[in-house]
Amino acid sequence: MTRYLIWLSIALLFAIASLPSAAQAQSFGVSPAEVTIDGLLPGEEAEFELAIHNHYYAAHTFVLSTSHPWERRPGRADLPDDSWIGFSPQQVEVAANSQAAVRVTLAIPSNQEWSDRDWEVWLGVTPEEKEFLVANCYVRVLVSTGTQAQAGSNIGLIAGIVIAVLLLSYAVYYSRRKAKPEHQS
Amino acid sequence: MKTGILSISGAILLILTPCLPASASESGIITITMTAVETTISISLDKADWALGEVPEDAEYKTDPEATWCTITNEGNVDVDLGIQGEHAEFSTLLWFLSEDGTNDGVDSYPEYALWYHIAGDSEGSYTSITLTETSAKKGGESMTLEVADTEQFGLKLLTPDYFSSDYVGKEMTTHITISAVKA
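In the order they appear, the protein sequences are chains A and B.
According to this note's numbering, the first sequence is numbered sequentially starting from 1.
According to this note's numbering, the second sequence is numbered sequentially starting from 1.
Just chain A, same shape as in the assembly (with noise of 0.2 Å):
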């Protein structure tokens, strides 16, 4: 095919031209900027709270996502499966110099698997309005889980009680019977 210079309109506005903000500066935060959680057991949730602060002089609304991170701290691996982390809400409106905040919980499968496991996930919060720079931040969460030998002991209390219920019966059963006799005489 022949070349031929042609001149593209892309009137490289890379943004959206209705915005107003277009040309304003981008700033908001996110705390805390780090969580750790330890002794997670596989089968159990944890829960805890993102607060995200809007510098902006209009509402803006952010939307929150799991990532990969490019640098994991030393001896984490990936966590397996970002769908066990979930957001309530998803995104949220805040309005200008104001913040809101964000439940977030991580479920691990109940599985011996995922036990003894060091895992780092980042937790991003962007702003659904994007122009050509885009801003966003990063919650580093660090992930450590526990055991699955507490499961284990937990059907071993249940076995036990039950067996120590069957022989307290037993021996309520047995003083009584020897008690009869006494009382017939």
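Calculated from the structure, these hints are not laboratory results.
All values derive from a computational prediction rather than experimental measurement.
Glycine included, C-beta positions come from ideal geometry on N, C-alpha and C.
Some hints here could point you the wrong way.
Said to hold, decoys possible - Ranges of calculated distance between the beta carbons of each label pair, as one might list FRET restraints:
#1 B:S126 with A:E71: 18 to 24 Å
#2 A:A101 with B:D101: 18 to 24 Å
#3 B:S143 with A:P89: 41 to 47 Å
#4 B:S109 with A:T105: 41 to 47 Å
Fit chain B to the given chain A structure using the hints.
Frame of chain A; chain B shown alone:
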């Protein structure tokens, strides 16, 4: 009879003993640490758009000024590592693929464009590719950390595809560069 009851009680105790540590350890299993002093991660960018107007094939553009076009400020109370990521450019249903290696000779039948950034203070003319993969922003080949209240400036360079069809003419292009911050 008493001996029998004592024996049974002893047996019960023996059965329950291994379970006691487990039940004791059940209290306060999950520890969530969110640091006593509230930490906030926050960055600001003093630019939002880069308007280039009409562009030809195989042309290179740089922001003006080249190195100090946009200022990033760490407005939080923790030092942050910075990351950068680009996207394919959209023209309605059409695309320009973002180059992974700085070339602009096309991906299959799609036009390919390239983006770079240059951090102020880095050696002159040194540009780093912006790709679809989010990577840590680098200055002098090292990952950058922005201290509290500190600023960093950068500029951009864009290379248009070496060829694009007339289907792209008159259409508006949309793409994004994401600047990310995470606690260092």
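Consistency of beta-carbon spacing, D101 of chain B to A101 of chain A, with hint 18 to 24 Å: violated (43 Å)
Return holds or violated for the Cβ distance of S143 of chain B and P89 of chain A against the range 41 to 47 Å. About 33 Å separates the Cβ atoms of S143 of chain B and P89 of chain A, which means 41 to 47 Å is violated.
Cβ separation of S109 of chain B and T105 of chain A, checked against the hinted range 41 to 47 Å: The hinted range 41 to 47 Å holds for S109 of chain B and T105 of chain A, with Cβ atoms some 45 Å apart.
Holds or violated: 18 to 24 Å for the Cβ distance of S126 of chain B and E71 of chain A? Once the Cβ atoms are compared, 21 Å apart, the range 18 to 24 Å for E71 of chain A and S126 of chain B holds.
Going through the hint list in order, the structure does not satisfy hints 2, 3.
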